[in-house]
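Residue strings, one per chain:
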Amino acid sequence: MSLLLNEIGNGIFLGAFFGLVALGYSMVYGILRLINFAHGDFYMVAAFVSYTILGAVLVGHSHGQWFTVLWVGVVVMVITGGLAMLANQFVYRPMRRAAILSLMIAAIGLSQVLENGVLVTPQWGATYLVYPVTTPPSGFNLGSNHYTWGQLIIVLISGLLALGVYFLVGRTLLGKAMRAVSEDRIAAVLMGINVDLVIAIVFFIGGALAGAAAVMTGVYYGQINYLMGFTVGLEAFTAAVLGGIGNIGGAVLGGLILGIVQSIGTGIFGAEWAIVVAFGALVLMLWFRPTGLLGERVARRM
Amino acid sequence: MRALELNGVSVYYGAVRGVEDVDLYVDEGEIVALLGANGAGKSTLLKAISGIIHPRHGSIAFFGDNFGKLSAHRRVIQGLVHVPEGRRIFTTLTIGENLELGAYGTQRNRTERARRLNEVLGLFPLLQQHFQRLAGTLSGGEQQVLAIGRAMMSNPRVLMIDEPSLGLDPQKVDIVYDMLEEVAKLGTTVLLVEQNVSLALEIASRAYVLQQGSVVLSGPSASLVDDSRLSDAYLGKSADDHD
Chain A
1 MSLLLNEIGN GIFLGAFFGL VALGYSMVYG ILRLINFAHG DFYMVAAFVS YTILGAVLVG
61 HSHGQWFTVL WVGVVVMVIT GGLAMLANQF VYRPMRRAAI LSLMIAAIGL SQVLENGVLV
121 TPQWGATYLV YPVTTPPSGF NLGSNHYTWG QLIIVLISGL LALGVYFLVG RTLLGKAMRA
181 VSEDRIAAVL MGINVDLVIA IVFFIGGALA GAAAVMTGVY YGQINYLMGF TVGLEAFTAA
241 VLGGIGNIGG AVLGGLILGI VQSIGTGIFG AEWAIVVAFG ALVLMLWFRP TGLLGERVAR
301 RM
Chain B
303 MRALELNGVS VYYGAVRGVE DVDLYVDEGE IVALLGANGA GKSTLLKAIS GIIHPRHGSI
363 AFFGDNFGKL SAHRRVIQGL VHVPEGRRIF TTLTIGENLE LGAYGTQRNR TERARRLNEV
423 LGLFPLLQQH FQRLAGTLSG GEQQVLAIGR AMMSNPRVLM IDEPSLGLDP QKVDIVYDML
483 EEVAKLGTTV LLVEQNVSLA LEIASRAYVL QQGSVVLSGP SASLVDDSRL SDAYLGKSAD
543 DHD
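Those sequence lines, one after another, are chains A and B.
Under the working numbering, the residue at position 250 of the first sequence is numbered 250, and the numbers go up by one with no gaps.
Numbering-wise, the working numbering comes out as the position in the second sequence, counting from 1, plus 302.
To be clear, the hints were calculated from the coordinates, so they are not data collected in a lab.
On a predicted model such as this, the values are computed, not experimentally measured, just so you know.
Mixed in with the good hints there might be a few duds.
Here are the computed distance ranges between Cβ atoms for each label pair [claimed, not checked]:
hint	chain 1	residue 1	chain 2	residue 2	range
1	A	Val-74	B	His-356	38 to 46 Å
2	A	Leu-163	B	Asp-325	53 to 61 Å
3	A	Gly-139	B	Thr-439	36 to 44 Å
4	A	Val-74	B	Val-318	51 to 59 Å
The following residues of chain B were derived to be distant from chain A, with all beta-carbon distances above 10 Å [to be verified]:
hint	residue
5	Arg-319
6	Glu-322
7	Glu-330
8	Ala-374
9	Glu-399
10	Arg-452
11	Gln-473
12	Ser-516
13	Val-518
14	Leu-519
Quick reminder that beta carbons are idealized off the backbone N, C-alpha and C, glycines included.
Construct the entire structure; sequences and hints are all you get.
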């Protein structure tokens, strides 16, 4: 029983990452009906950018320089958000009248460009890089499991960011405009909404969240690789679909459920089964509830 | 003052003609009707005026300023609002959210929006009762009332409305037309697209009749009511067939 609780604890932690990346996936899908396969690679690029910045501002292998990590994290969020906006502006926006399939292929192409771009960049390349910051092992015990303060902070930050997005989309005028654009772009224009700007902002937010997740991944797992975005992208996509893609709360819920299912699954079958468990959960969900968990509750769709 | 003035406007969808060489004006404070059968080009013309599509030729001026290639959302900010065919309210948003978005372009300040909301709710009390409901749950007539209320949230100088009577029972049509008259009384200029001729001519001071993309007839409503060319336009006879 306590073993199960441990796995749930780990799963919530893992789900925090999935949820953050899934939010960006889901928001972009909500507004453009586009599965942005490059989203996981925004996350990957963010990990490398933060690796370089942290390497420059921290001398040597440091423990727990939280303040530095925090401001670098914010800078990286802005950079990654900017990257996502650029991708929208130069790849997706010129194709706005194209068939959605063409856009998805463009997304796959962009994903390849980003991965190979990182691969050929000096100092980055194909090997696993050791992240300049790690979380100290001190923390607290819950049951028989030990959690670090770093883990707790990561879950808290993820939760705050998700709440922020939920508030933005649900309550603010900009959020209402996002939902309006999502439902009917022409009608939104006729309200005086600058649709292109709203779409750009959605890309920015999605990218920024992926940037935050990337820094936290680096800090926690301690290593990064140019293919890390592919797996996380697929897992986040799975989380978004589990929760009901296009739905803000659904992305977070999907992330948490996927995290827990994956933790329990790998606890039973072994770590190499992580992806199998994730996609097994996706297939089951699509059998029984193709709309995802919150797929029908459309009020908070965007 | 000319609120709207179109000169030689032609719109094409690829090679297909939407409207051809249309001249039209609406004076400030007027209600003008745009009549014609299905496919005559009425909605196309409204879309060109609101900037959703761009004409191939011709100019569209708004209170004397040429719109040129001004994007659609900026035209709203200038004071032109378009209630499109099929109303297109945001069904997954509440009535209140729909109304609030109506002010998106023009009233960026929260207190201004709240004040405008009170004014619009005062005009259309029906919207007040359902404020928190999802707009998708409203009946067709209520949705049309919402669409007009939402458009009025921007405090427009010109309101263009496409087929407000479509799909409504006669009683609801009366309600919607009363609303339009109310809107006009407050000084808003109205350009009304309608298939129901007698209804439109009742409230409009002037009308234009479109047939196959061209203006075939125009003049004061009173002079058009009995004009046989008007019914011909609906029955698909061209002007040449007459007599």
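Results of checking the hints against the structure:
no., hint, in the structure
1, A:Val-74 x B:His-356: 38 to 46 Å, "holds (42 Å)"
2, A:Leu-163 x B:Asp-325: 53 to 61 Å, "holds (56 Å)"
3, A:Gly-139 x B:Thr-439: 36 to 44 Å, "violated (49 Å)"
4, A:Val-74 x B:Val-318: 51 to 59 Å, "holds (52 Å)"
5, Arg-319, "holds (21 Å)"
6, Glu-322, "holds (24 Å)"
7, Glu-330, "holds (21 Å)"
8, Ala-374, "violated (5 Å)"
9, Glu-399, "violated (5 Å)"
10, Arg-452, "violated (8 Å)"
11, Gln-473, "holds (26 Å)"
12, Ser-516, "holds (26 Å)"
13, Val-518, "holds (28 Å)"
14, Leu-519, "holds (29 Å)"
Taken one by one, the earlier hints fail for this structure at numbers 3, 8, 9, 10, listed in ascending order.
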